[in-house]
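Enquirer: Below, each chain spelled out in residue letters.
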Amino acid sequence: MLKRPPKVLLAKVGLDGHDRGIMVVSKWLTEAGMEVIYLGTNQTPDTVASAALAEDVDVIGLSFLGGEHLLRVPKMLRRMQERGLHDVALIVGGVIPREDIAPLKALGVADVFVPGTPMVSIIAHIREQARPFS
Amino acid sequence: MSLAEDVSRKIAEAYLEPNRQYGTWSGLPLKEVYRPEDVADLDYGRDLGDPGQFPHTRGVYANMYRGRLWSRRELCGYGAAEDTNQRLRYLIEQGESALNIAFDLPTNIGVDSDHPNAEDDVGLCGVPICSVDDMAIVIDGLPLDQVSFNLSTTHIPILLAIYIAAAEQRGFRRAELRGTILNDVVANVLCGYRRSFVPSDLALRTSVDCIEFCVQEMPRWNLLSVDGYNIRENGVNAAHEVAFCFALAREYLRAAVARGLDVDGIAPRVTFTNSLMMDFFEEIAKLRAARRIWARMLKEEFGAKRPESLRYKFHGHTAGVSLARQQPLNNIVRVTIEAMAAVLSGCQSLHTCSYDELVGLPTEEAVAVALRTQQIIAYESGISAVADPLGGSYFLESLSNAMEKEITRVLGEIEAQGGMIAALSNGWIERLVREEAFRVQRETESGERIIVGVNAFTKSSDADEEIGVHRISSTSIETHMSRLRSVREQRDGGSAQAALAEVRRAVATPNTNIMRPMIAAAQARATLGEINGAIRAGHGLPPDPLSTSCVLPGSPYDPGRTSAC
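Chains as they are written, first to last, in this note's numbering: chain C, 9 to 142; chain X, 4 to 568.
Since the hints were derived computationally from the structure, they do not count as laboratory data. Worth double-checking, as some hints may not be accurate.
[What the hints assert, rightly or not] Restricting the straight-line Cα-Cα distance to at most 30 angstroms, the calculated cross-link-like pairs of lysine-lysine (DSS-like) are:
no. : chain 1 : residue 1 : chain 2 : residue 2
1   : C       : LYS113    : C       : LYS15
2   : X       : LYS462    : X       : LYS13
3   : C       : LYS15     : C       : LYS83
4   : X       : LYS462    : C       : LYS113
5   : C       : LYS35     : X       : LYS462
6   : X       : LYS302    : X       : LYS408
Could you build the full structure based on these sequences and the hints that come with them?
Expert: And the structure:
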């Protein structure tokens, strides 16, 4: 079945402004032929969910540095549920301890990418999340 | 291929493998070997001098570490003020010799922990300081007149005002206090903070107010520490790091001189924070070149006369971005190499990262190893016994010259645009930062840049060994939030409001220093967020730095960003 190029929304939720990682991912996904919307820093689950809905994305990607992922991810998933984004996959990356990966996936996160993950791996995983043409 | 054949092939390849690096990590070419002719033009008196002698290439003090070892100064801050004070005491017990506090994101942005957007960010990347009550607990039991205390924030120095208020409450006089406030507010944007948090004109004004105040009232306090570390973490190279620092320093010094301040009153108290990354000799060459350029710049461009004004003093911070998540114990080796480079470069102070940097804040075990790294260098290696032990190396002097040339070239490019503030405003800096970050990633992805354990010598099963993870307790956050509530409820509201009105008035009035009104407000238990709000209001900005306009904040259309990806 044909797949359209994945449409990915990237953002940083919360006050952390460290965006080097997510900017690099954004660039690499774009070069891989995906449609990427980088919403920027200082976003909230609301602004991300609204944009995801408006842009009809396949994947939402969030980047975390400070250890706040276990607090923020449930809120993001809840907002996605509330806005009807049932088909959209949530992926996260950043400074995330190994012992938090399984709990995050149990909550509903599709993939967790820790620092040092090769870009080709991220690209391949996201391609799997893209929806087929209907 | 059979297993035996595979092993055989592997060892044969490894045995014959040559070095594949022909240049430094920032791209400066390297010869196979260096000879006297490579430094034929070097004049000892003009270009090197002894340590402590202009132009200080060999170090800023004659006896260097025989006079005093560099400060073993680990960055610290998390949870509630109590946690941070406890960790400071632990570090002191482990042999730390100077103190350095990191603040959490809401604090670094100028909002209180109970700001609606601050939820889930409180106490994670540093300690939250909402009022003098919090600061008093952080400094509890510490001899502030005898030890150096760094406040690592690039925001408007409200935290210095709060620190002074807390210290004076404990009986210290402000003139006795030793330490540093980064006060490098223009560079806030390079730390990932949006321009709307502190516009450049407000940044410059508050920085110079702080400089002026410290000159008048705090003779032992370093009033500016230009932050090269965060610049470097963005991805730029060694020469960029120093060039950006000097371009920033020029902005502050020029503004201070324009206000009528004497450069010889300021320069002895200016310091820098520098990153130490993995290209060992490049980092050392970078810092030797920096000392030489700074000494000449202060003398020739700013006309400084005092010998103390010409010294480039720096706090080293080993590069977080050079560390790996995979096989984290390898990071101990990386930090050791970087710490050795810092000491061989003649640093005045040093923070060594912990091996668990890629999973969270340091555990007690990990930060102890980081401190031991410095201690083993100091006490077992002999490196600190001789000032500038690498001086005279044909290679290092040649590389220092090449680095000086490159730093000067980049500085010239920034100057041609009208200086650092201009280069930040027109997007030039951001474009360069992005390009460098992409370049580093490309080199890593292609294998041109080897990171052991990440793209070479990986372990196929289990990406990392089991190491502990430092967690912030929610009880701590509760304690902190409860204290904030008490402050708001129990303080004399009238005094606090009056003091805040005074801050606002001071900001709105030309030629009025904001430091003393800020200290008075801190003493009246006004919160950091309220003080910042008063400053912003006085400057004609919405008091809340996180207030949104009709444009989605952070989007490519947000005036707070210069450019998108």
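Enquirer: Checking one constraint from the list: CA of LYS113(C) to CA of LYS15(C), max 30 angstroms. Satisfied?
Expert: holds, 21 angstroms
Enquirer: Between LYS35(C) and LYS462(X), is the straight-line Cα distance small enough, at 30 angstroms or below?
Expert: Holds - the C-alpha atoms of LYS462(X) and LYS35(C) are around 28 angstroms apart, at most 30 angstroms.
Enquirer: Against the 30 angstroms threshold, does the CA-CA distance of LYS302(X) and LYS408(X) hold or violate the hint?
Expert: Holds, because 19 angstroms separates the two Cα atoms, which is no more than 30 angstroms.
Enquirer: When you check the alpha-carbon spacing of LYS462(X) and LYS13(X), does it fall within 30 angstroms?
Expert: Holds. LYS462(X) to LYS13(X) sits at ~16 angstroms (cutoff 30 angstroms).
Enquirer: With a cut-off of 30 angstroms on the C-alpha distance, tell me whether LYS15(C) and LYS83(C) pass.
Expert: holds, 22 angstroms
Enquirer: Would the pair LYS462(X) and LYS113(C) pass a check requiring their Cα atoms to be no farther apart than 30 angstroms?
Expert: The given pair, whose Cα atoms are some 23 angstroms apart, holds under the 30 angstroms limit.
Against the hints set out earlier in the document, no violation occurs for any number.
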